[in-house]
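Enquirer: Sequence:
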Amino acid sequence: MMGRVWEEMEVKVPASEAWKLYGSLLLTKVVVEVLPHHFSRIEVLEGDGSAGTILLIFLDPGKAGPKSYREKLTVVDDERRVKVAELVEGGFLDLGFTLYRMRGEVIEKEGKEEECIVRGTIEYELKEEAAANAALVSTEPLRALMRATADYLTKNYNPNA
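Our numbering applies: residue 120 is where the sequence shown begins, and numbers increase by one.
If you are wondering where the hints come from, they were derived from the structure by calculation, not from laboratory data.
Backbone N, C-alpha and C define an ideal beta-carbon position, used for all residues, glycine too.
Just to be clear, a hint being listed does not mean it is correct.
Each computed BS3-like pair below joins lysine-lysine, with the alpha-carbon atoms no more than 27 Å apart [stated by the list, open to error]: (1) LYS131 / LYS246; (2) LYS231 / LYS274; (3) LYS191 / LYS246; (4) LYS186 / LYS228; (5) LYS148 / LYS186; (6) LYS139 / LYS231; (7) LYS274 / LYS131.
Okay, the calculated beta carbon distance ranges per label pair [as the list claims (entries may be wrong)]: (8) PRO155 / SER135: 39 to 45 Å; (9) ASN279 / GLU227: 18 to 24 Å; (10) GLY166 / GLY230: 33 to 39 Å; (11) LEU164 / LEU214: 18 to 24 Å; (12) GLY230 / ALA170: 28 to 34 Å; (13) GLY171 / ASN277: 39 to 45 Å; (14) SER135 / THR258: 23 to 29 Å.
Taking the hints into account, I'd like the entire structure generated from these sequences.
Expert: Now the structure itself:
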């Protein structure tokens, strides 16, 4: 079984500014800072934020479900402003998923240099016997992440810098 969900949001900063956050390891620090009720800690196990980087993500220990997972950045394309990460251990993979891929894109908004669109997509594949677990895939964490990072970007963006 395969599926895809996505979410997008307008952000009132230029795409180049949004990508400075989304395209770097700064995103890991900001995520823990602005979403402590979802993520307790993120460690870089290998790499510098480019493709091949492996992250260990610790989830809120007070919530039910997996406590951590590892993901690998498979694409970090500065030109197209696209980042793709795949789970390589734990998390959804322990629940019958054979693929759980997250794609983030920062898109220039036509005619509005000071705004952009941030799009997040989750693609997944499940073993047939675990098909009921598809209901666990939700855009809510994606929406929370995008809202929190949009707030962070608009608060920290200085157009005169």
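Enquirer: Does the structure keep LYS131 and LYS246 at a Cα separation of 27 Å or less?
Expert: 40 Å, violated
Enquirer: Has the given pair, LYS139 with LYS231, been kept, meaning a C-alpha gap of at most 27 Å?
Expert: Roughly 18 Å separates the two Cα atoms, so the pair holds.
Enquirer: Tell me if the straight-line CA distance from LYS274 to LYS131 falls inside 27 Å.
Expert: Given pair LYS274, LYS131 holds - Cα atoms ~10 Å apart, limit 27 Å.
Enquirer: Could you tell me whether the CB distance from GLY166 to GLY230 stays inside 33 to 39 Å?
Expert: 37 Å, holds
Enquirer: Measuring from beta carbon to beta carbon, are GLY230 and ALA170 in 28 to 34 Å?
Expert: 32 Å, holds
Enquirer: If I claimed the Cβ atoms of GLY171 and ASN277 lie 39 to 45 Å apart, would that claim hold in this structure?
Expert: 32 Å, violated
Enquirer: Just to be sure I understand the hint, the distance between the Cβ atoms of SER135 and THR258 should be within 23 to 29 Å; is that true here?
Expert: 26 Å, holds
Enquirer: Does the Cβ-Cβ separation between ASN279 and GLU227 fall within 18 to 24 Å?
Expert: 21 Å, holds
Enquirer: At the C-beta level, are PRO155 and SER135 separated by a distance inside 39 to 45 Å?
Expert: This hint is violated: roughly 28 Å between Cβ atoms.
Enquirer: Quick one, are LYS191 and LYS246 close enough, alpha carbons at most 27 Å?
Expert: 21 Å, holds
Enquirer: Under the criterion that the straight-line Cα-Cα distance not exceed 27 Å, is the pair LYS186, LYS228 satisfied?
Expert: Outside the cut-off at roughly 37 Å; violated.
Enquirer: Do LEU164 and LEU214 keep their Cβ atoms within the hinted range of 18 to 24 Å?
Expert: 22 Å, holds
Going down the numbered hints, you'll see the structure goes against 1, 4, 8, 13, while the others check out.
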